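Top to bottom, those sequences are chains S and G.
For the first sequence, the numbering used here gives the first residue as 2, with consecutive numbering after it.
For the second sequence, the numbering used here gives the first residue as 3, with consecutive numbering after it.
Worth flagging that the hints you see were computed from the coordinates, not collected in a lab.
Just so you know, not all the hints are guaranteed correct.
[As the list claims (entries may be wrong)] Listed below are several chain S residues computed to face chain G (Cβ distance under 10 angstroms; list not exhaustive): (1) 44; (2) 132; (3) 244.
[Claimed, not checked] Derived, one-sided and incomplete: chain S residues facing chain G with beta-carbon distance under 10 angstroms: (4) 21; (5) 89; (6) 151.
[Claimed, not checked] Sample of chain S residues with no beta-carbon within 10 angstroms of chain G, all distances over it, derived: (7) 150; (8) 401; (9) 442.
Every value quoted in this text rests on a predicted model; they were computed, and no experiment measured them.
The C-beta atom is built at its ideal place from N, Cα and C for all residues, glycine as well.
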Amino acid sequence: MSGWEAVVGIETHVELQTASKMFCGCPVVFGAEPNTTTCPVCLGLPGAMPVPNEEAIEGILRIGTALDCEIAEHSVFHRKNYFYPDLPKNYQISQYDVPICHDGSVEIDVDGDASVIGITRVHMEEDTGKSIHVGEGGRIHGAEHSLVDFNRSGVPLVEIVSEPDLRSPEQAREYGAELQRIVRALGVSDVRLEEGSMRFDANISVRRAGDVEYGTRTEVKNVNSLRSLQRAIAHEIERQIGVLESGEPVVQETRHWSEDLGATTLMRSKEESEDYRYFLEPDLVPMRVDASWQARVREALPELPAARRARYKGLGVDRRTAAVLAAAPDIADLFDAAVSAGADVRLSGIWVTGELVAYLRAGDRALDETAVEPDHLAELSAMVTGGRLSATAAKEVLGGVLDGDGSPGEVAAARDLLQITDAGAIESAVAAVIGEHADAFAKLREGDEKVLGFLVGQVMRATGGKADPRQVSELLRSKAGG
Amino acid sequence: MPIDIDIAKVARLARIALGEEELERYGAQLTAILEAAEQVQALPTEGVEPTSHPLPSTNAFRPDVVTASLPRVEILAAAPETEDGYFKVPRILEAP
Numbered sequence: 002m003s004g005w006e007a008v009v010g011i012e013t014h015v016e017l018q019t020a021s022k023m024f025c026g027c028p029v030v031f032g033a034e035p036n037t038t039t040c041p042v043c044l045g046l047p048g049a050m051p052v053p054n055e056e057a058i059e060g061i062l063r064i065g066t067a068l069d070c071e072i073a074e075h076s077v078f079h080r081k082n083y084f085y086p087d088l089p090k091n092y093q094i095s096q097y098d099v100p101i102c103h104d105g106s107v108e109i110d111v112d113g114d115a116s117v118i119g120i121t122r123v124h125m126e127e128d129t130g131k132s133i134h135v136g137e138g139g140r141i142h143g144a145e146h147s148l149v150d151f152n153r154s155g156v157p158l159v160e161i162v163s164e165p166d167l168r169s170p171e172q173a174r175e176y177g178a179e180l181q182r183i184v185r186a187l188g189v190s191d192v193r194l195e196e197g198s199m200r201f202d203a204n205i206s207v208r209r210a211g212d213v214e215y216g217t218r219t220e221v222k223n224v225n226s227l228r229s230l231q232r233a234i235a236h237e238i239e240r241q242i243g244v245l246e247s248g249e250p251v252v253q254e255t256r257h258w259s260e261d262l263g264a265t266t267l268m269r270s271k272e273e274s275e276d277y278r279y280f281l282e283p284d285l286v287p288m289r290v291d292a293s294w295q296a297r298v299r300e301a302l303p304e305l306p307a308a309r310r311a312r313y314k315g316l317g318v319d320r321r322t323a324a325v326l327a328a329a330p331d332i333a334d335l336f337d338a339a340v341s342a343g344a345d346v347r348l349s350g351i352w353v354t355g356e357l358v359a360y361l362r363a364g365d366r367a368l369d370e371t372a373v374e375p376d377h378l379a380e381l382s383a384m385v386t387g388g389r390l391s392a393t394a395a396k397e398v399l400g401g402v403l404d405g406d407g408s409p410g411e412v413a414a415a416r417d418l419l420q421i422t423d424a425g426a427i428e429s430a431v432a433a434v435i436g437e438h439a440d441a442f443a444k445l446r447e448g449d450e451k452v453l454g455f456l457v458g459q460v461m462r463a464t465g466g467k468a469d470p471r472q473v474s475e476l477l478r479s480k481a482g483g
Numbered sequence: 003m004p005i006d007i008d009i010a011k012v013a014r015l016a017r018i019a020l021g022e023e024e025l026e027r028y029g030a031q032l033t034a035i036l037e038a039a040e041q042v043q044a045l046p047t048e049g050v051e052p053t054s055h056p057l058p059s060t061n062a063f064r065p066d067v068v069t070a071s072l073p074r075v076e077i078l079a080a081a082p083e084t085e086d087g088y089f090k091v092p093r094i095l096e097a098p
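The following block holds chain G by itself, in its conformation from the complex (with noise of 0.2 angstroms):
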């Protein structure tokens, strides 16, 4: 089956900005993996149990026990802008 892969709204998801060089180049790469992922898909694999993780292990929980949580003008420091114990950002939606 030939790959036909929107590499523009693939970027565009992702919030990457590409020029149409990088567009062409990612889009080539992009599509060479798909067909490797598609070699894969051909193989028969009736009665294989599906794999959902690498580790055969499942049920890795922990206690509902509190531990503590960082001071906050240490998580603050690390933004680029605050107030009043928040972190501030830019306007998220334009008025309609």
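So that you can see chain S by itself, here it is in the shape it has in the complex (with noise of 0.2 angstroms):
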């Protein structure tokens, strides 16, 4: 694409996890049986009135605050009208001139290279319901029939608008990462992306390098993986420029990715279906957000996953880990009390981002459903910085203690894993080895290195694997002479 520039925003949204819905009391579940989260309210049933749930707009609030946003004290609630069947009112709530956030920032950093990217508005509105097309490969057009169900419609949704600031696939995929990254650590939602609790769709246009003027632009649906939306933005950004270089213009329209062809095609043109007919919802009262009120949110904060890689680079913890540490909380929080508790960094930073990470995955758990606790990260850095068990034995000990199989120390016991720390025992170990191998021995002591591996070897099996290799070696050489 030399001598061309991509110019993408993205339109990011969020379900809030609630216990209820955004105007009525039906519960968000994800996978219920069809239609059995329902009542009037949410179903558009004529009569019906909605008040909006005061921990959706907590949870906005948050989302707002953690991404810079100012905070509007007053805003209000519109009606954006379309007709389609999952909308059973044929208007959405959302909000149109006066969101509740407005002009944030969220800074991400790609191989290095850090930008700022500037997020226009995050407002609050309802989901709609799940249409299952029938036949044509459950593709709409041409379908036979559709199915709906509406126990989505209604859920808290908030929609995050980011400034059209990203330059290519890349920063787009680590923009909706660091957003996924924010919002998780905020707990407000499970952001889910194959479960649709986090969905994107991108514009995107094009222009020759060094032009101020935007290109016409295309938005693409359908996005609901990191890589897709990487996958999905490179692929419209080559149409476009082949469509310019050939002397075309660039339609403005709606595409759907589909990550099958690997290519986004056509969904509707943008011509008439723009005009939502937005009015004030006459249901809804404003909303006031006062100083204080920001203030509490504000306050209550958690620690976003940029403050933590920066306060974890100070500690010495290396790039890789900081960034697995910055996108879990729960294993971050682990991490953080097991170092307060005295635990090596180093070896704390490597057991909860490798033996930790891949028990959970291996056995698809929660933390909390493990039962390691931060103290228990202490005693097996003592135990290894010690000498009493060696690094491979402590990532068994681990496992045993993800188990409930005990402490550090009693797993260590129970599975006979402790070292000798025991000099005289280990000495008179190397001793036997020496006589036994003498030959070996003689060409340590003319100073032949190859063979040193070998003896620790012999003596680590002596040992049933329980000599510190390290001290092993060192006695084998100061007898050896140096």
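Combine the two chains into a complex, taking the hints into account.
Here it is in structure tokens:
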């Protein structure tokens, strides 16, 4: 794409994980039997009146504040009118010209290249129902008929609109990933892309490098993974450059990303579809978020991923480990508590981002379903740095601790993994090996370091793997005379 | 300012099918309504706070508490067509 520059903005929808829906008391659950969590309000029956969920307003305020937005002291709901089978009222309650949060930013970093992405607005709305298209391979075009499930109708939905500040598919992906990490840290949504609780639409245009004016943009919908986001944008940039280089204009339209085709296809042209006849929602009074409410939200924010990464850098945690920790607040909290309890930073970092993450993934478990405590990691760490447990055995002990088999000391003892720290015992094992392998030892004396590993191995075998190999090799060296 | 309203477009956006005679009648009525609004809009409003709702109230929220949903048989009974617990609707878009 030399000579061209891409301009990308992203609209991100996040379903909030409140107990009840945005405007009624129906439960918010994923995967329930179709049409079992609905009522007159979320079915849009005549006469039903919406009442906003205070917890959802708290949730969007947390998101807006974390994205460094200005919080509107006064904001209102609008009706966005359009006709679609999954929208039973024929309008969606949303926000229009006075969103509750606006003018924020988020900093992203792609391979050490940092940029600040503007956030235009963060507004509150409700989700629609879900439709399943029958026939034509599940595509809406030409499907025989469609089936509608209104369980999702009315789930609190936050829309985060970025400025067109993104310049590459990689930046777009990192922006999506950072939003996901931030929202997860806030604890207001499970942000599971595969379940649709976080979804992206991308607005994409290209222009000649150096141009100030934006090109005509297209919108790509149905992007439900970070990988798809990157691929869809890369494909659309290439498609648009191809169109322009062949002398044709880019047409403003909505396109559909197909993961199977690896391409975007035309969904609808934009000409007639944009008139939503917004008007003030007469059923809802305005929202007022005064300075003291704003301050309460600000004070209650947890440490955000960027701050966490910076703090870990200061602690000497390597970049990769810091990134993994910043993306998983519960694991990072465990790490922090372990380090405060005296655990070694490097060892704990390896354990929680290695063994622990693998353990959780393998069993599809959450951290709180395991038996591990911060003190366990501190104890395990002391055993390794004190030479009582090898690094390899420590991983096995951690597995036992996670399974609930007891403290590291108990697990190591029960599985007979403790190392021999008694200097006399190691000394006699070394002496025995030297006697048995006099030839090899003679070579070591002559300065042949290659046999050192063999001799250490023999001592380890003789001690059932319970000697500290470092200590053994030091002892062998000193006996060989340096 | 003369009012110029595309009544056919308004009707199309609202999915209301209007005949020639209706277009003319409702067009005239809507124009009269907009003219009345124009008169109100001409009033000096400097220093007057915009009204976004007639009630002098804000933050009418509810606590995040789950209440009972309707039984599915009951809600589906009101649907013209159903299938496997879903509302069944006709084809949404023709093949392109």
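The hints, checked one at a time:
1. 44: holds (6 angstroms)
2. 132: Hint holds; residue 132 of chain S Cβ to chain G Cβ min 8 angstroms, cut 10 angstroms.
3. 244: Violated - the Cβ of residue 244 of chain S stays beyond 10 angstroms from chain G, reaching only about 18 angstroms at its closest.
4. 21: Residue 21 of chain S check passes; min Cβ-Cβ to chain G is 5 angstroms, inside 10 angstroms.
5. 89: holds (9 angstroms)
6. 151: holds (7 angstroms)
7. 150: violated (6 angstroms)
8. 401: Given a closest Cβ separation of 40 angstroms, the condition holds.
9. 442: holds (74 angstroms)
In summary, the numbered hints that this structure violates are 3, 7.
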